[in-house]
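With chain A held as given, fit chain B onto it using these hints.
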Amino acid sequence: MNAPLQSRQQILERIRAATLDCAQDPAMRAEAYAALPRAYTRHGQLSAEARLKLMIERLREYDAEVVETTPEALPAAIAAQLAASGKHIFVAPYGTPAAWMVTAAWQITGFEWNIDHGLTTAEIEQAEGVVTAASCGISDSGTIVLHHSASEGRRVLTLLPDWHLIILRASQVVETLPEYFARFQQPSGLVTWISGPSATADIEMTRIKGVHGPRFLNVILVRDKS
Amino acid sequence: MNYSHAELDPRKAHPFPKAVLPVLRNPQLRKNVAHAIDVIQTKRARLVAEKDDWQELRTAASAIRAHALENLGAYLEQFEERCTAAGGTVHWAADADEARRIILDLLRQEKASEVIKIKTMTSTEIQLNPFLEANGVSAFETDLAEIILQLGGEEPSHIVVPALHVNRSQVREIFARRMGLKNLSDDPKELTNAARTYLRQKFLAIPTAISGANFLIAETGSVAVVESEGNGRMCLTLPRTMITLAGIEKVLPRFQDLEVMLQLLARSATGERMNPYTSLWTGVTAGDGPQSFHVVLLDNERSSILAKAKQRQTLKCIRCAACMNACPVYRQTGGHAYGSVYPGPIGAILTPQLMQMKFAQSLPYASSLCGACYEVCPVKINIPDVLLELRAQVVNQERGRAARYFDPMYVGLRIANLLFSSARLFHAAQRLGRIGLGLFTRKDGWIHSLPSIGAKWTQTRDLRGLPDESFHEWWAKRGPQPDKEAK
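Respectively, the protein sequence lines represent chains A and B.
Each residue of the first sequence is one higher than the one before, starting from 717 at the first, in this note's numbering.
Each residue of the second sequence is one higher than the one before, starting from 174 at the first, in this note's numbering.
Careful, some of the hints might be misleading.
Stated by the list, open to error - Covered by chain B, according to a simulated footprint, are these stretches of chain A (three or more residues, beta-carbon under 8 Å):
# : region
1 : 741–750
2 : 896–902
3 : 921–935
As the list claims (entries may be wrong) - One side only, chain B facing chain A, incomplete, derived with CB under 8 Å:
#  : residue
4  : GLU229
5  : GLU243
6  : HIS264
7  : TRP265
8  : LEU364
9  : THR365
10 : ARG369
11 : LEU411
12 : TYR450
13 : LEU542
Note that these hints are calculated values from the structure, not bench results.
Cβ atoms here follow ideal geometry from the backbone N, Cα and C, with glycine treated the same way.
Extracted from the complex, chain A is given alone in its bound form (with noise of 0.2 Å):
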């Protein structure tokens, strides 16, 4: 067996070697890139009102439940929906905007809330929601994308618990998969895309809802001003 660097060096020489017939240096990379052909579709054509109503026809299509509401009346919203998920154990990232918490939402007896300063898996494996922010909704395929960031929690607090309740605000959605990249060039780190709950076909192609991820995915999709 070669020395690990040897195997890197003798790699990268074969496929120098084997592409010759290329640009070899940056400044000719960066402008055969910015060659490449892109004419596909960048820009939605959907007015404001149609591009939710896809969105959330599309999030329907995957079995998702969608509420609309206003900002307002969020916390009474989150409120409704934790009473009619049947769940009691809760889980919600540090960094949930405390807006979100100023009603009694937050403390209605009967349920547990545990925020996230550093759970363990056996802690969040405990709860059966979770509450979180996303970063952006693709109506075109009614994807919503998690950057994890302090309000859209760590990855493993939104994969535990079997029910995951994402409050999207309407000035989050756009219409095509080009659009959310346009709007995050500077992508995090961490990104999850997710378009409805876990599901499998493994088995004659028969799609069944809830696998390993949360079995129910909510949305409450906030009507502010876009």
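Chain B alone, transformed into the frame defined by chain A:
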């Protein structure tokens, strides 16, 4: 019930025409495959049709992948630099043996006796699981299809839905036997739940995971994994240590390139607008996920494929499996006959090349060259063109071998070559053929059965008998005709 197959090692596999026979005689298997393929194809067709810019996306994807390959060395070095800066460790493996050893060494450093895995075809390419087992490490697959295969002692027959050849009652039988669930029904929902319960404790308890990669991003040093079930997210999030095995060709120049790839991949692979989960991570993140992260970059003959102008496009592949779903040959045979983890049209060109054309030479012939694979390929790999190129190479290998004189096909073509080169010989052969074949031609003008090697044709189709007179003979007999146009 035993429907197991030899491990998918192209070095040991039978040639395709022989390997395919058990499948063709197994109506249940063919039915399972055809059903799955029909479902995917219907969904894919609907979702591709709704995408007005599908061809533009294909053109962009093809160009991005070609550009990445043309500049592969630079982009890999950039990936290595950025990934390392973010706390990851990059290893380079020239071949399968080296990749297996690197991974085993990492597992030994972790004192790991068990490891959980996200579905990775590349790990099957290097036969990782048997190697780990032999060295005292139990590898647990976590993708539902992979569990079915692992528990059932089966091999994958498709790169996206690897257990599509197994139906629900067969899954029930495997799970009932291996998980000790006697009362399990064959309801896919119940079967899926059984898998969820079976794996939950493993996710929470096993601190080391192995994944593949759908994309490596040079610009950021990130890795992207595309999945449906959440087993990927579990493996990427819960363990202490993460090892990613990726072919060197998986690199994309920039994060933004995903806007093209993700739109094409899910639609092509499973007929969804977007797969449920796509995860991207960059080195290690304090307080979130594995704190030790390794990438093993695998060459294993990819750089040799890169060196050949026409064949280089093979490496553009993003493993969506649209080509096998569209292939009329795959639909009839399923994946096992290809004797490789990569079946279908892409496998027919990739496998022999990974084997340096020393094995799997029958695969370039496992195609009718109808071009359906090229038409659906989201990165526009001209598979028929590469198939023809590889066929030419196989024929070249056979040139100069004495054994060729015993091959009826070769001898027949040499004789044809001679006859076609002279009008006199050709006409003589026609007359002889008319007499010879006349003995077998029935009253309806068709030959229904021929003896000896001729039977290879007539056992599956009839042959029209030679006419009593050729065009040439008729023309000569007809003599000069008055020219009607002349004044």
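How the hints compare with the structure:
1. 741–750: n = 4 at 8 Å, threshold three: holds.
2. 896–902: holds (count 3)
3. 921–935: holds (count 8)
4. GLU229: holds (4 Å)
5. GLU243: holds (4 Å)
6. HIS264: Given a least distance of 7 Å, the restraint on HIS264(B) holds.
7. TRP265: holds (4 Å)
8. LEU364: With a minimum Cβ separation of about 6 Å from chain A (threshold 8 Å), the hint on LEU364(B) holds.
9. THR365: Where the cut-off is 8 Å and the nearest Cβ of chain A is about 5 Å from THR365(B), the hint holds.
10. ARG369: holds (6 Å)
11. LEU411: Holds: closest Cβ of chain A sits about 6 Å from LEU411(B), inside 8 Å.
12. TYR450: holds (6 Å)
13. LEU542: violated (27 Å)
The earlier numbered hint that this structure contradicts is number 13, and it is the only one.
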